[in-house]
Structure formats: structure tokens, C-alpha cells
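J.: Here is what each chain is made of, one letter per residue.
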Amino acid sequence: MDFYQTDLSQLHADLKNKKISATELTKETFDHIKENEEQVKAFITLNEDAAMKKAAEIDQQGINDDQLTAGIPLAVKDNILTKGLKTTAASKMLENFNPVYDATVVEKLNNNGFINVGKTNLDEFAMGSSTENSAFFTTHNPWDLTRVPGGSSGGSAAAVAAGDVLGALGTDTGGSIRMPASFNGIVGMKPTYGRVSRWGIIAFGSSFDQVGWLTRTVKDNALLTQMISGSDEHDMTSSTKEVPNWAAQLNDDTNVKGLRIAVPKEYFEGINDDVQAVIKSALDHLESLGAIVDEVSLPHTKYGVPAYYILASSEASSNLQRYDGIRYGFRAKDVKNIEDVYVRSRTEGFGEEVKRRIMLGTFSLSAGFYDAYFNKAAKVRRLIAQDFDDVFKDHDVILGATGASTAFKIGAEIDDPQTMYMNDVLTVPVNMAGLPAMSVPAGFSSKNGMPVGLQIIGKPFDEQTIYNTAYVFEQTTDVHKKAPKLGGQN
Amino acid sequence: MASKITEQQVEHVAELAKLEFKDEELTKFTTQLGSIIDMFEDLTNVDTDGVEPMTSASDRENVMREDKAVKSSKEETDALLNNAPDTDDGYIKVPAIIDESEDGE
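So the protein sequences, as listed, match chains A and B. If you're matching positions, the first sequence starts at 1 in the working numbering and goes up one per residue. If you're matching positions, the second sequence starts at 1001 in the working numbering and goes up one per residue.
Among these hints, one or two may not hold up.
Here are the simulated lysine to any residue pairs, SDA-like style, with alpha carbons at most 25 Å apart [stated by the list, open to error]:
#, chain 1, residue 1, chain 2, residue 2
1, A, Lys393, A, Ile410
2, B, Lys1022, A, Gln67
3, A, Lys92, B, Lys1028
4, A, Lys481, A, Ala277
5, A, Lys108, B, Lys1071
6, B, Lys1018, A, Ala203
7, B, Lys1071, A, Arg322
8, A, Lys265, B, Lys1093
9, B, Lys1093, A, Lys108
10, A, Lys333, B, Asp1023
11, B, Lys1018, A, Arg382
12, B, Lys1018, A, Lys393
13, B, Lys1018, A, Asp371
14, B, Lys1028, A, Lys393
15, B, Lys1022, A, Arg322
16, B, Lys1022, A, Gly351
Hint data in this document are derived by calculation from the structure and do not stem from the laboratory. Here the structure is a predicted model, which means the values were calculated and not measured.
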């Protein structure tokens, strides 16, 4: 099965009408994955036996109308807990960790009958922009195997782009869904903070983390995001707002006539020419369809990266204190006393980038530096959120590029953390403010043929306008129809 | 540009974070952290007088629940203990708090 030929609604209908069985579909999916894996390396763990068993069960039980994902193979990022299925966060620290419960998002999907094909690769503890920080291996971009898939949800993005699955769960703390979506020419949605429960997500920056989907089509994304959204008694930051049926509004009548699009001038500063060209032509296209495009200013944009790296690293340093080698996770050998267990287990169990973030966070929170760094950054965070509020007073969506560049070469930036962090300049402000935002394929670079993503940022809990805008763009262009040819020239 | 952080400070922060760096790592980390902290210094250009710090983007205020203990099944306890590096008879085993061979360091 190559999922470039179909979508979620079509597969659901085919399964219901027994045009294909869940068992056949799952078998074909694994055949396809195994064919690709040697080159792409998107998965840390394949869940084949359990998936085949589940598929047989679905075939026996039959599928109800509301079981949209029943019998449909999907993938899960490996920082999302799956009961009894190894969940590593791509860290040596959790190399043999077997969760004792499912994340709420996984539980919801299980109840709906989805087939979990496996756990996808990421940067260790979701810290990174390339999957090169995975403790195990680097995932390759299906469009050009010498390039990174982006990060941190790079395994999920590559699995979708390679046609392994229709959708894969990701998490987004500072761009970790949108950036890999952009690099792989697929759709990636970070819902509003609080829209989706974070229960069972391995915590990184708790006031930023959000779960979402990487998919090929906008409609599939809307359908799948609806399925995982809603309040959860286990996550007190999850919102009690009603979850709309976003996909119901995506049809031939959907349009962008009169849509007030804001384009921040700061989102074109320091952006590569090839990316700028694609974004400008995407904006022209939406304007030709009746949208009103205005240039605006988000004056604090350039402070987003430093403020984010202070705050997210501070939260990370606190969240990662739990990895002490005592109750679960890696414990160093030949330790003399309990202090040794802590220090040696953490020193040997964490990779370099994770240590760097822990150090930055600990430093920013430490006595004498708290006011100058943590507190200052938290104030800047409010100013960034206010910039968005001001623009949204008279605009419906904010548009710009997702990444300043297309996917870079493996190895190109790994030794230069500061350059790597600057990749997030267009994505982190959204997490600071807790807004929903999507990356949708906008076109291809004239320089290297790699995909370019258009970022669509919405008001809090207004995922609908984002989906509408993305849907219209997708349906009126051919960008999404192009698929990578693995190992060949694109 | 002179780094804002010294090797001594990095060592101190590492101690707080329960991490350890070998000499050459310490030098590398000090340089890298220094240049990132230089980038943090950009924030001093922002006027934040009278701005309230923002630490959450949640739309919810306080959420209360009943404080009630829930008993776990033996299966759950076993599954938890299976993740522990070292166990003995239902307990998690750790080395002695004070190492008897310790030399006072």
C-alpha cells in the first residue's frame, strides 16, 4: 500500500465495504514500510505483531460509521506513551522503557480502532530540528536522502512523506510538527495550546508542548485532529471548549473571499530567496482568489528565539530532573553511592543537546541569573503574545514561511547549536503565545527542488480558519500531488 | 566577544543539574553556552518595564479534583517495577546513601 493513492475517508469506505480487509491493508503497509526503511529510517520500533493481531480483530468485529480510523495504519512519535510498547524519546535514558499506560491521544485512537504500526524517530526528548540528536540514528528526507527530515518529529514526517502511513502523530514545542512538515512537503498542524491533552506525552516544555498530526492532506488532518482533541481530567491545561467538526466545513464552497490575511514583514527577514519566492507566489495566489493581503509588523519576532530557548530550556531542566536512574530508565554501572547514581546515570544517559538544554535552563533559573534571564524572557513572551493579539484585532490569519530554508544537508549544522536554534525563528513565537498554526505545502525551491511550507497562524481555538485557508490553497494548486521518488531524482 | 560564562560557572551549573563534564567537554560546553548566552543578551534591548511575566498559555484557571488515593493492581505494580533498574521483593534497590569507602570528598 502506497498511501499517496488514497485518503482517510476513501480508505474508511473501502474497509467498511470490504473492498480491502484491515489485515490486507496492514500487511501491505508493513511491506511498504520495510521497503522504505533501509533508506529512510523513520521508525525506532515497528509494532508488526500487535498491529496484525489488531487488524484481524477489526476484520472480525466490523467497522462502524464513526470508527473513522478503525483498521487504518497510523504511526506515533516515540515520545508519546504506548502501553506495553517501548517508548524511548530517542534517548539512551529510556532505551528499554515500557509505559504502563497509554497517552490520552493514543487511548482515544485505540478506542476508535486505529492500527499503530510503530514509533517514529525524533531528536532526543524532542530537542532539535533534524533528528540528528536521536540517540539511535538519523532519519533521511524521502525527497533527498542526503538531507534531514527536520525535527523533532522528523520520523513522523518522513513516514508520511514516504507514503508509509496516511498520518503520524507528532509533538510541537517550538515548531517540531510544522518544520518537518515543511521540509517533507506535507501538512502539519499544531493545535491551540490546551486543545489536545498532553497526558502521556514525555514532557519537554510543559507550557509549550502540544500534540498534533502530520498528514498528506488538509482534510485528513482536520479529521484526525478532531479525534484527539478535547478536555481531559488528567491534563488540567486541556481546554473544556467544544471541539468543532472542522472537516465538515471543507468542501467545494470553502473559499478565501474577503479573508483578511496579515503578512508580517519580519517573517521575510533572513529568509532564503528560494523560500521567499515560493511564499510570495502562494500569497499572490490567495489574493487572486479574493483574500485581502496586508503587510503588518510583529515587532518582537527577533526576540522569539532567545526568549524561547531560555523558557523552554528552563522547563526542560525541571521536567528532566525525574531521570535519576532510580525508578526507571538508564542506571550507570559500577556506582558507589546514590549521588553517583544520579550524576553518572544522567551524564551517560543523556545526549549532548539534551545536556546543553538542561545546562541552559539550570543556568537561567539559578540564583543571581533568574531575573536577568528567566524572568526577562517571560516578560518578552508576553510582548510576543501581545503582538499577535494586536494583529488579530483586524486580521483572520497570519501567513509566512514555516522555515527560513528548505531541508538542509545531514551534518551541515549539527556542530553549531546557535545556527540550529535560528531555524526556529518563524515557529517559536506561535508556541510562546499558545496559538494554533499549520504548515501546508506551498511549492518547491527553484534552487534544489525541495518542498517549501507555508505557515498559517490562527487565533486561539480558531483552527477552522486555518483549515479553510489551507484547504483552499491545497485544492486550487497541484503542490500536494507531487510525491517524492525514493532514491531517484525529484 | 568575551564569553559571559566561565568554566567555573559551568561546573557549578553542572553540579546543580547533576551532570559531569570531562575537561575537554567542559571547555567546549563553556564556549557553546557562552555564545548562546550572548544571544540571550539581545533581550536586554527590549523595554519590559511594567510587563507582567507570562508563564502559561492555558485558558484555564485553577482546576481542582478530589484528593483520593487509588489502589493499583498487582499487574500495574509489577509493570512499574519491571521498568526499575534493580528490584528486590517488590522494592526498588539503590546503592547506599553514604559510601563507606568515601574519603570525605
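J.: Each of the hints needs a verdict: does it hold here or not?
T.: Here's how the hints hold up against the structure:
For the given pair, lysine 393 of chain A sits about 41 Å from isoleucine 410 of chain A by alpha-carbon distance, which is inconsistent with the 25 Å threshold. Using a Cα cut-off of 25 Å, the hinted pair lysine 1022 of chain B and glutamine 67 of chain A is violated, with the two alpha carbons roughly 54 Å apart. Distance restraint check for lysine 92 of chain A and lysine 1028 of chain B: the Cα-Cα separation of roughly 22 Å lies within the 25 Å cut-off, and the hinted pair is therefore satisfied. With a C-alpha separation of about 20 Å, the suggested pair lysine 481 of chain A and alanine 277 of chain A falls inside the 25 Å cut-off, and the hint holds.
Only pairs whose Cα atoms come within 25 Å are accepted, and lysine 108 of chain A paired with lysine 1071 of chain B is accepted, the gap being roughly 24 Å. A hinted pair counts as satisfied when its Cα atoms are at most 25 Å apart, and lysine 1018 of chain B with alanine 203 of chain A qualifies at roughly 19 Å. Pair hint lysine 1071 of chain B plus arginine 322 of chain A holds up; C-alpha atoms about 23 Å apart against a cutoff of 25 Å. For a cut-off of 25 Å, the pair hint linking lysine 265 of chain A to lysine 1093 of chain B is broken: about 58 Å separates their Cα positions.
Distance check on the hinted pair: lysine 1093 of chain B and lysine 108 of chain A sit about 36 Å apart at the alpha-carbon level, beyond 25 Å; violated. At roughly 22 Å between alpha-carbon atoms, lysine 333 of chain A and aspartate 1023 of chain B fall within 25 Å of each other, so this suggested pair holds. Between lysine 1018 of chain B and arginine 382 of chain A the alpha-carbon distance is near 31 Å, which puts this suggested pair outside the 25 Å criterion. The straight-line distance between the Cα atoms of lysine 1018 of chain B and lysine 393 of chain A is roughly 47 Å, outside the 25 Å bound, and the hint therefore fails.
Proximity of lysine 1018 of chain B to aspartate 371 of chain A is assessed by CA-CA distance (about 23 Å); at most 25 Å being required, the pair is judged to hold. Taking the CA atoms of lysine 1028 of chain B and lysine 393 of chain A, the gap is about 47 Å. The hint is violated against a cut of 25 Å. Between the alpha carbons of lysine 1022 of chain B and arginine 322 of chain A the distance comes to roughly 23 Å, so the proposed pair stays at or under 25 Å and holds. For the given pair, lysine 1022 of chain B sits about 14 Å from glycine 351 of chain A by alpha-carbon distance, which is consistent with the 25 Å threshold.
The earlier numbered hints that this structure contradicts are 1, 2, 8, 9, 11, 12 and 14.
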